[in-house]
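Spelled out, the chains give:
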Amino acid sequence: GENVEQHPSTLSVQEGDSAVIKCTYSDSASNYFPWYKQELGKGPQLIIDIRSNVGEKKDQRIAVTLNKTAKHFSLHITETQPEDSAVYFCAASRSRGTSYGKLTFGQGTILTVHP
Amino acid sequence: EAGVVQSPRYKIIEKKQPVAFWCNPISGHNTLYWYRQNLGQGPELLIRYENEEAVDDSQLPKDRFSAERLKGVDSTLKIQPAELGDSAVYLCASTPRTSGTDTQYFGPGTRLTVL
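Residue numbers (the working numbering), protein chains in the order written: chain A, 1 to 115; chain B, 1001 to 1115.
What the hints contain is simulated information worked out from the structure, not anything from laboratory work. Being a predicted model, the structure only gives us computed values, none of them experimental. Some hints here could point you the wrong way.
What the hints assert, rightly or not - List of simulated lysine-lysine pairs, DSS-like, C-alpha gap at most 27 angstroms: (1) B:1011 / A:42; (2) A:102 / B:1062; (3) B:1062 / A:68; (4) A:68 / A:57.
Said to hold, decoys possible - A few chain A residues facing chain B, derived, Cβ under 8 angstroms: (5) 72; (6) 76; (7) 106.
Quick reminder that beta carbons are idealized off the backbone N, C-alpha and C, glycines included.
Input sequences plus hints: build the corresponding full structure.
See below:
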């Protein structure tokens, strides 16, 4: 089955700095890669996603890059703000065939943005 | 649009007792997922429903866990009897009916503590 590794496990930055979180996946058939933000006591909330036919996607201060050959994808947050502090999870899944829709999550990154 | 609703939000029980969690997905979402999230880890899929049918329950510990989605809307996840290791957050997620949409929307979860 799919295995997703996420690094770093904790990340501390100053307000205004950039933050980068990296993930690798094992299943070459995975073609959907979402990123979720989870705040204390809440469920994961989708912040951005990317499909395997795209190399990069941006949404305001957030961007995701995908390297299918190397099987890794990254989340980039620019101009970080204290409200960006949360746990971030990457995930991977297939859009077709067996295991369709089964999200395999990374272990999570605790991001702390200091004012 | 209302999000995924789960109840109860918190549950504390003694081991060997039964427990049930309820989920109401976003209106119109035909695909429903149950995940378990252990402390400090990413969610892990337990079961996926397409309407009333459980199409992927390979990760559900069937000796003590059961789930149902009788009318293709609400779903209930049950544990009987609960063990200490079942302490976790149980998350419900749903996906819209639109073809090609993979986005999973998560509820706030039920935090289970087994004493």
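Here is how each hint holds up against the structure:
1. B:1011 / A:42: 15 angstroms, holds
2. A:102 / B:1062: 18 angstroms, holds
3. B:1062 / A:68: Roughly 36 angstroms separates the two Cα atoms, so the pair is violated.
4. A:68 / A:57: 14 angstroms, holds
5. 72: 17 angstroms, violated
6. 76: 20 angstroms, violated
7. 106: 6 angstroms, holds
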